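The task is simple: from the sequences and hints, build the whole structure.
For the sequence shown, full-length UniProt numbering gives the first residue as 1, with consecutive numbering after it.
Treat the hints as calculated values from the structure; they're not laboratory data. Bear in mind the structure is a predicted one, so any value in this text is a computation, not a measurement. Some hints here could point you the wrong way.
[Claimed, not checked] Under the rule of at most 25 Å between Cα atoms (straight-line distance), these lysine to aspartate or glutamate pairs were calculated in the DMTMM-like manner:
hint, residue 1, residue 2
1, Lys-246, Glu-91
2, Lys-84, Glu-132
3, Lys-246, Asp-162
4, Lys-84, Glu-101
5, Lys-246, Glu-101
6, Lys-166, Glu-91
[Stated by the list, open to error] Label pairs and their computed distance ranges (CB to CB):
hint, residue 1, residue 2, range
7, His-4, Asn-189, 30 to 38 Å
8, Met-47, His-4, 48 to 56 Å
9, Trp-85, Ala-134, 26 to 34 Å
10, Leu-34, Leu-178, 18 to 26 Å
11, Leu-30, Gly-141, 42 to 50 Å
12, Leu-34, Trp-242, 34 to 42 Å
13, Met-190, Leu-18, 39 to 47 Å
14, Tyr-90, Val-133, 28 to 36 Å
15, Val-240, Ser-31, 25 to 33 Å
16, Asn-98, Gln-196, 44 to 52 Å
17, Val-169, Asn-189, 30 to 38 Å
18, Asp-49, Ala-27, 52 to 60 Å
19, Val-169, Gly-87, 46 to 54 Å
Think of the CB as a built atom: it goes at the ideal place given N, C-alpha and C, for glycine as much as any other residue.
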Amino acid sequence: MNMHGVRAIYQFEMNRALRTWMQSIIAPVLSTSLYFIVFGSAIGSRMGDIGGVSYGAYIIPGLLMLSLLSESISNAAFGIYMPKWSGTIYELLSAPVNWVEVLLGYVGAAATKSLTLGLLILLTARLFVPYEVAHPVWMVGFLILTAITFCLFGFIIGLWADSFQKLQVIPLLVITPLTFLGGAFYSINMLPPLWQTVSLFNPVVYLISGLRWAFYGAADVHIAVSTGMTLAFMLACLTVVWWVFKTGHRIRR
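Given below as structure tokens:
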């Protein structure tokens with residue numbers, strides 16, 4: 001494996017994030033802080049506990065997942081789309097790196113940025129609400145799995161998109177609504193039976209539920225199901241990326 005090529009792609013993407021740290025890091029943290037102020041402090045202080053957990057602490061996994069999903073997709077999509085847009089994709093295609101090495105560089109950098117942001121959000125949450133993590137090792141593992149999975153998904157979006165507008169279509173019109181409807185601010189057990197069943201068709205429910213179990217040891221969906229669904233989606237994304245690079249479909253500008 002050409003680790004020099006992987007390292008070059010990784011360092012380039014990380015340097016780009018450092019150059020735009022206000023947009024890449026500060027802005028998402030400030031946005032999440034506003035959620036904590038409005039929902040955690042203002043509204044949460046007037047609501048009761050959910051499953052023995054204060055409302056302000058209960059929404060931490062949902063807010064963390066909201067930021068992690070959006071940033072993972074955006075980082076990976078923008079990373080691979082920019083070479084297509086600028087025409088430098090041909091330098092990448094002519095370099096002695098295969099699709100696995102390209103994937104490791106771009107997805108690895110995007111996942112690193114997303115996980116760094118997740119850590120900052122966890123630290124920020126301490127300023128607003130006290131919380132404890134029941135299964136810290138599982139929490140870290142689930143965050144890494146989710147970040148890698150949705151960075152792969154974002155990578156696919158970057159390969160598919162042929163304009164900056166298309167980069168934002170799926171994150172804004174699909175992922176964000178699914179996250180809000182996936183139990184980020186409530187338990188799906190609070191819904192009527194019909195809507196509980198409908199919610200189970202929302203893939204984000206399994207992500208938020210798995211992370212909430214890691215925090216508090218209780219979730220709407222069994223942790224094995226949440227992990228299985230995430231792994232299945234990751235394998236599906238890997239299959240799509242492999243097919244795209246094998247056929248060359250939509251890679252070139």
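Exercise. Taking 30 to 38 Å as the hint, is the beta-carbon distance of His-4 and Asn-189 inside that range?
Worked result: violated (51 Å)
For this session: Determine whether the Cβ-Cβ distance between Tyr-90 and Val-133 falls within the hinted range of 28 to 36 Å.
Result: violated (46 Å)
Exercise. Is the gap between the beta carbons of Val-169 and Asn-189 within 30 to 38 Å?
Worked result: About 32 Å separates the Cβ atoms of Val-169 and Asn-189, which means 30 to 38 Å holds.
Exercise. Is it true that the CA of Lys-246 sits at most 25 Å from the CA of Glu-91?
Worked result: Status holds; Cα separation ~18 Å.
Exercise. Does the hinted range 26 to 34 Å hold for Trp-85 and Ala-134 at CB?
Worked result: violated (44 Å)
Problem set entry | Restraint check for Lys-166 with Glu-91, where alpha carbons must lie at most 25 Å apart | holds (24 Å)
Problem set entry | Supplied distance hint 18 to 26 Å, evaluated on CB atoms of Leu-34 and Leu-178 | holds (21 Å)
Exercise. Is Lys-246 within 25 Å of Asp-162, Cα to Cα?
Worked result: With Cα atoms ~19 Å apart, Lys-246 and Asp-162 stay inside 25 Å; holds.
For this session: Assess, step by step, whether the Cα of Lys-246 is no farther than 25 Å from the Cα of Glu-101, and give holds or violated.
Result: holds (14 Å)
Problem set entry | Distance restraint between Lys-84 and Glu-132, which requires alpha-carbon spacing of 25 Å or less | It is violated: about 44 Å lies between the C-alpha atoms, which goes past 25 Å.
Exercise. Within a Cα-Cα threshold of 25 Å, do Lys-84 and Glu-101 meet the stated pairing?
Worked result: This hinted pair holds, its Cα atoms lying about 18 Å apart.
For this session: Please test the hint of 44 to 52 Å on the beta carbon pair from Asn-98 and Gln-196.
Result: The hint (44 to 52 Å, Cβ to Cβ) holds, given that Asn-98 and Gln-196 are roughly 45 Å apart.
Hint compliance for this structure: hints 2, 7, 9, 11, 14, 18 and 19 are broken, all remaining hints hold.
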